[in-house]
Amino acid sequence: MPLLNNISAINHALDKEMERDKSVVVYGEDVGFEGGVFRATAGLQKKHGVDRCFDTPLAESGIVGSAVGMAVNGMKPVVEMQFSGFVLPAMNQILGHVARYRNRTRGRYNLPMVIRMPYGGGVRALEHHSESMEDIFAQTPGLKVVIPSTPYDTKGLLLAAIRDPDPVIFLEPKRIYRAFKQDVPEEDYTLPIGKAKIVQEGEDITVVVWGALVREAQKAIKEIEDEGISVELIDLRTISPLDKETIIESVQKTGRFLVVHEAFKSFGPGAELISTVNEGAFLYLEAPPTRLTGFDITIPLPKGEHHFIIEPKQIADKIREIVSF
Amino acid sequence: MLVDQFNPLEGKMLSILDKDGNVKDKKLVPKIEDEKLIEIYKTMLLTRVADIKALQYQRQGRMLTYAPNQGQEATQVGSIAASEEKDWLVPAFRELGAWLYKGVPLEQIFLYWYGNESGSDFPENVKMLPISVPIASQLNHAVGIGMATNIKGEDEVTLAYVGDGGTSQGEFSEALNFAGVFNTPTVFIISNNQFAISVPRKFQTKAKTLAQKSIGFGIPGIQVDGNDVLAVYAATKEAVDRARKGEGPTLIETVTYRLGPHTTSDDPKIYREDVEVEEWKEKDPLIRFRKYLIDKNLWDEEKDEKQKEEFENIVNSNFKKVEESGKISLEKIFKYNYEEMTPELIEQYEEYKNYIEKGVK
Ligand SMILES: Cc1ncc(C[n+]2csc(CCOP(=O)(O)OP(=O)(O)O)c2C)c(N)n1
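Chains A and B supply the protein sequences, listed in that same order. Just add 897 to wherever you are in the first sequence, counting from 1, and you've got the numbering used here. Just add 51 to wherever you are in the second sequence, counting from 1, and you've got the numbering used here.
Each hint can be trusted.
A partial selection of chain A residues facing chain B, derived with a Cβ cut-off under 8 Å: (1) F930; (2) V934; (3) P954; (4) S958; (5) R1021; (6) L1023; (7) I1194; (8) P1199; (9) G1201; (10) H1204; (11) Q1211; (12) D1214.
Derived by calculation from the structure, the hints in this document are not laboratory data. The beta carbon of each residue, even a glycine, is placed where N, CA and C say it ideally should be.
Build out the structure end to end from the sequences listed, making use of the hints.
See the structure below:
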């Protein structure tokens, strides 16, 4: 079993799928010859040829728009946005076409495509390199939104995303691209899109996180280990479609709920999750369902970024607050 | 008119100084006062010194991501020097020489690359927009400034910069088209440094030159040797003069080379050969301009050494000030999102202060 980190798991999954399915093509800015600025596609052009893994001119709308045409014409494009902050020129294509094609053509054209992008903060980068925009995609009908947090999940979810008949936005928490390694089976496997993972079972409170914050929540749990608080930790893994069942069942058991995300607070994913909890587990609640989120501000440049980034201490504090409500 | 003499479709490129600083055609040499020639050279030298230092600071872990400028000094300084103080500068993100010439304090530029928003809060008299990270998006802003200039009946010109990669963005075409339709006083400068990160210029477009992209929009375009500061100046001056007279926009492609990495997180060895870099080093814009000034008895090697030393000290002391400037206060990350903080933001701000009091942040 290869020992992989998150970025090499992406590379591994793409490689395997390109081998297995000749309709898979991989492209974007710096993706071909160089193998991507994060090396996600390193070696793929050499191995699978320049027709199947290539550089494009610098135009995100061109990349995503052409992927629509590719998908309509029998290919399975897996395109890269260099950073999620640079998806903006492609939003016309994504929200205006990618999400709508199946519905517009009454199912004649579905778009089996994946748009990958490094996302989230905490890497001390320039402007437009640290955004968390999962909510914008998640609230758009027709898109699926996946965010893996481990190498094992990355492989299984990316393969599922490529094989999914509908377009998938695949957000890669770049802060943990190289944070740790894991044994990842060499053989083929997929993980279901739309299914959350219970990372740790517990009795007193349900904490829902995804992406880079899974590890931060684990650190928080470690911090309160000796305080007799039993936490059920859920890694959402897919933002849309939402795994309501797992969340509701968990909250019915624990009676308390905390969601932590880096995306903006107002109208963010936390609001959706709290509504879900209220609708499905209201009578079980022993404390107000709570969110700990990014502020409603432009994410600061590195010298101010620490103010924005959510730390384990804050998560631990919120957990204590909710449990002692 | 240079734009008529050097038609990009005929494969012509304006070039005045050869790589050894000899004048190829006296008739083409732009009229520039001696004092200004020295000012231009000094800014190019300061740019070079600051750039080398910034890379050192970065390697020492004292600076964050930085986008180097080495090799592009003639493009940057030669173009802006052809404009006036009242004119606008709309940058991409790699025009250190132009910003310095325009009057942005070096300390502030370092502050930006150091990861502090205050680096974009330029002094009142500097008519420059902030660095624009989303490639080519700034060009439409430049055009809008020109549309306003026209409406107000003023005679300011806007210089707008973009890279070769940026010419592939939809907004590049939109901006050129708007500029043509509204006859804006805009000079577009494409710093063609041959690469967009790892992607070479030839993969951006099938067109032979980037300058010829102007033709489809009905505006003049010219390709110039971007390492020849006199050529860059001459082409820009002509474009600026025309724009000021109400004769509309121009597209200038400066052919240059990024000698350093794309940014400090990039390793150019992956995508280009050392020999190519060495070839371009021989065409260094500073070498040839210095030679030209020495031949004119305006400069000498001794002066050069002294000036370099002085600049090194200036750069070091500016960076020290940046390092001492400390972190950004909490208030500053909240306060500039609106003129007045919304009730929700005030709540979030207070909650955060509470975290700090409790010691969980
Ligand atoms: C819309 C957008 N997409 C991608 C990027 C990432 N990126 C930063 S610089 C760059 C290459 C720019 O090349 P070019 O325009 O030639 O300018 P140069 O860097 O060579 O000065 C890319 C792809 C970005 N900043 N904005």
